[in-house]
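**Student:** The lines below spell out each chain.
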Amino acid sequence: MKSKSKVKKYLRYSLLIVLTLIFLLPVFFMVISSFMSTKEVSEMLNFNTGEFTSFKLIPGDFSLEQYYRVFFRNPQYLKEFWNSVLITFPTVICQLIVSSLAAFAFGKLKFPGRDKIFFVYMILLILPIQVTLVPSYFMYQKIDLLNNVMSIILPGTFSAFGICLLRQNVRYISDASIEAARVDGASYFKIFFRIILPQIRGGLISLALLTFVDTWGVIEQPLIYFTDRSKYPLSVSLSAGSADTQIIFACGVMFMIPALLIYFLGEKDLRSSFTRI
Amino acid sequence: MKFEKKQAVWAYIFLLPSLIGIAIFYVIPYLMCIYNSFMGTGGFAGFDNYIAIFKNRAFLYALRNTMIFTLIAIPSLMIISFLIAKFMNSFKKISAFFRSAYLMPIVIPAASLIYIWQLLFDDQGTINGILNFFGIDNIHFFSSGFSMVMIILIYIWKNCGFCVILFTAGLANLPNSVHESAHLEGAGGFTTTVKITLPLITPTTFFVFLMALINSFRMFRESFSLFGTYPNENVYFLQNFINNNYNNFNYSQLSSSAIVMSLIFIGIMLAFFMYERKADYME
Chain A
2 MKSKSKVKKY
12 LRYSLLIVLT
22 LIFLLPVFFM
32 VISSFMSTKE
42 VSEMLNFNTG
52 EFTSFKLIPG
62 DFSLEQYYRV
72 FFRNPQYLKE
82 FWNSVLITFP
92 TVICQLIVSS
102 LAAFAFGKLK
112 FPGRDKIFFV
122 YMILLILPIQ
132 VTLVPSYFMY
142 QKIDLLNNVM
152 SIILPGTFSA
162 FGICLLRQNV
172 RYISDASIEA
182 ARVDGASYFK
192 IFFRIILPQI
202 RGGLISLALL
212 TFVDTWGVIE
222 QPLIYFTDRS
232 KYPLSVSLSA
242 GSADTQIIFA
252 CGVMFMIPAL
262 LIYFLGEKDL
272 RSSFTRI
Chain B
1340 MKFEKKQAVW
1350 AYIFLLPSLI
1360 GIAIFYVIPY
1370 LMCIYNSFMG
1380 TGGFAGFDNY
1390 IAIFKNRAFL
1400 YALRNTMIFT
1410 LIAIPSLMII
1420 SFLIAKFMNS
1430 FKKISAFFRS
1440 AYLMPIVIPA
1450 ASLIYIWQLL
1460 FDDQGTINGI
1470 LNFFGIDNIH
1480 FFSSGFSMVM
1490 IILIYIWKNC
1500 GFCVILFTAG
1510 LANLPNSVHE
1520 SAHLEGAGGF
1530 TTTVKITLPL
1540 ITPTTFFVFL
1550 MALINSFRMF
1560 RESFSLFGTY
1570 PNENVYFLQN
1580 FINNNYNNFN
1590 YSQLSSSAIV
1600 MSLIFIGIML
1610 AFFMYERKAD
1620 YME
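Taken in sequence, the protein lines are chains A and B. Anchor point for the first sequence: position 198 equals 199 in the working numbering, and the numbering is continuous, going up by one each time. Anchor point for the second sequence: position 78 equals 1417 in the working numbering, and the numbering is continuous, going up by one each time.
These are calculated hints, taken from the structure and not from any lab test. Computed from a predicted model, the values in this text were never measured in an experiment.
Derived DSS-like pairs (lysine-lysine); straight-line CA-CA distance at most 27 Å: (1) A/Lys232 - A/Lys80; (2) B/Lys1432 - A/Lys269; (3) A/Lys10 - B/Lys1432; (4) B/Lys1431 - B/Lys1534; (5) B/Lys1432 - A/Lys9; (6) B/Lys1431 - A/Lys9; (7) B/Lys1432 - A/Lys7; (8) A/Lys269 - B/Lys1425; (9) A/Lys10 - B/Lys1431; (10) B/Lys1425 - A/Lys5; (11) A/Lys40 - A/Lys80; (12) B/Lys1345 - A/Lys111; (13) B/Lys1425 - A/Lys9; (14) A/Lys7 - B/Lys1425; (15) B/Lys1432 - A/Lys5; (16) A/Lys143 - A/Lys232; (17) B/Lys1534 - B/Lys1425; (18) B/Lys1344 - A/Lys111.
Simulated restraints on C-beta separations: (19) B/Asn1512 - A/Asn148: 40 to 50 Å; (20) A/Phe194 - B/Ser1520: 43 to 53 Å; (21) B/Gly1528 - A/Val86: 47 to 57 Å; (22) A/Val86 - B/Thr1568: 25 to 35 Å; (23) A/Phe29 - B/Ile1475: 20 to 30 Å; (24) B/Leu1470 - A/Leu261: 30 to 40 Å; (25) A/Leu65 - B/Ile1363: 42 to 52 Å; (26) A/Lys57 - B/Glu1572: 31 to 41 Å.
A few chain A positions that, by computed beta-carbon distances, are all more than 12 Å from chain B: (27) Trp83; (28) Asp145; (29) Arg230.
Backbone N, C-alpha and C define an ideal beta-carbon position, used for all residues, glycine too.
The following block holds chain A by itself, in its conformation from the complex (with noise of 0.2 Å):
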């Protein structure tokens, strides 16, 4: 009796982490591969040997070369390195402002036509981006914003995910709370700044983070809108193939960093805020 539970023990935790490692190993692989050699790299990506690829725990070949072509002799990429970050942390900034003042209302206030609007927004919620892309574009071209980085910071700061998100978190604050500082006369706005923002933190922090990862990752609209390829992002080159493959994997880790580093800060808040769900 007491072996077959510690033979069932022993299971669990196998397969424990056999499902860690199928979500870990690519993101390894990468960081692993990012520190070969270019001659190492050129080699593990032509599929035209006759034999079949495999992954190497360890590089051959440890070099540096990747990330010294990357810094030092290509400066395209830290040029779109940088058109990234001027798209990415204005969305999360503005979205973060629109969507709790938009949450604190939906979720706590009562007008006429809440329940009517709300519904209005999950169904924009649901509106796949190539539904609206196309007429977006015709609208930026009559009010000149073709080739702005705002054709995608605006959007991205009203979407209607965040709103959603932020609501159930703000109707989880107890109505007593905000009742109480009515009573003693306080604002609206001391309301919201006082008693919703700091309740609804792990909220806001979760949303920054699925924001940024969204908008850092942004390929359709650049592809779109913008026509000066120079202010393309990092992720539209890395993914339409006109990055240089003997360095992609040095570019990977480059452009996953900033998300993984966000990732690394707010993740107890994205754990925790979603119990409120």
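Fit chain B to the known structure of chain A by using the hints.
**Tutor:** Below, chain B alone, put in the same frame as chain A:
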């Protein structure tokens, strides 16, 4: 509902930035899209564009593939995540490391990993190497029906951790007594799950579904990175159809197919909504 005038005014003030933005960047483009879908080169065209796309083979392929992807990938993702969440919850103590590891894929941008997928799935890739070792024929992930399988696998890999977190949270909120009493009455693990756990976590399930649906649109990024503008017919999605029509300046067809696409997703969501009255997204 009785409204306090002052409160209602303030509510609209808080809502105003969002209302204006949503109207300009989503509602107006969507209405423009509807308008364009009824216009041809010679003015008002009625349903001609719609009839035309339903006679268009490329569109039908795109529609079929998008439906297959949505109807297979989303339920699979939800079931797998639920099972993993239950599995994770069955440990008395589990290091936060594991949950963090599962969540990692969602923060890795699509563009970073293309070559890893290529190494894995190519005709001469690692998976085929392993299959070959066991004497199994090559699977052509990049040029056969297995392209869809590959895209679905990547989609599940990417979104699974996030859905696991959502499910784990939903499961953790259930009172323990629920399971105990079910167990005392002799219900087995499967019965308890289907009859008791699932109905109790419906709000969570709804949210997971919503996230899975939204994230399924983002799979175009992976598809585009792996297959480029002209993928094989098995992974030619509505997004590709729309993009290619944009490149060919065929805006009428583009608009009508975009409207069809949005109606499908709205339909799927409303169906789930009806089924899902308990979720407190709408009172």
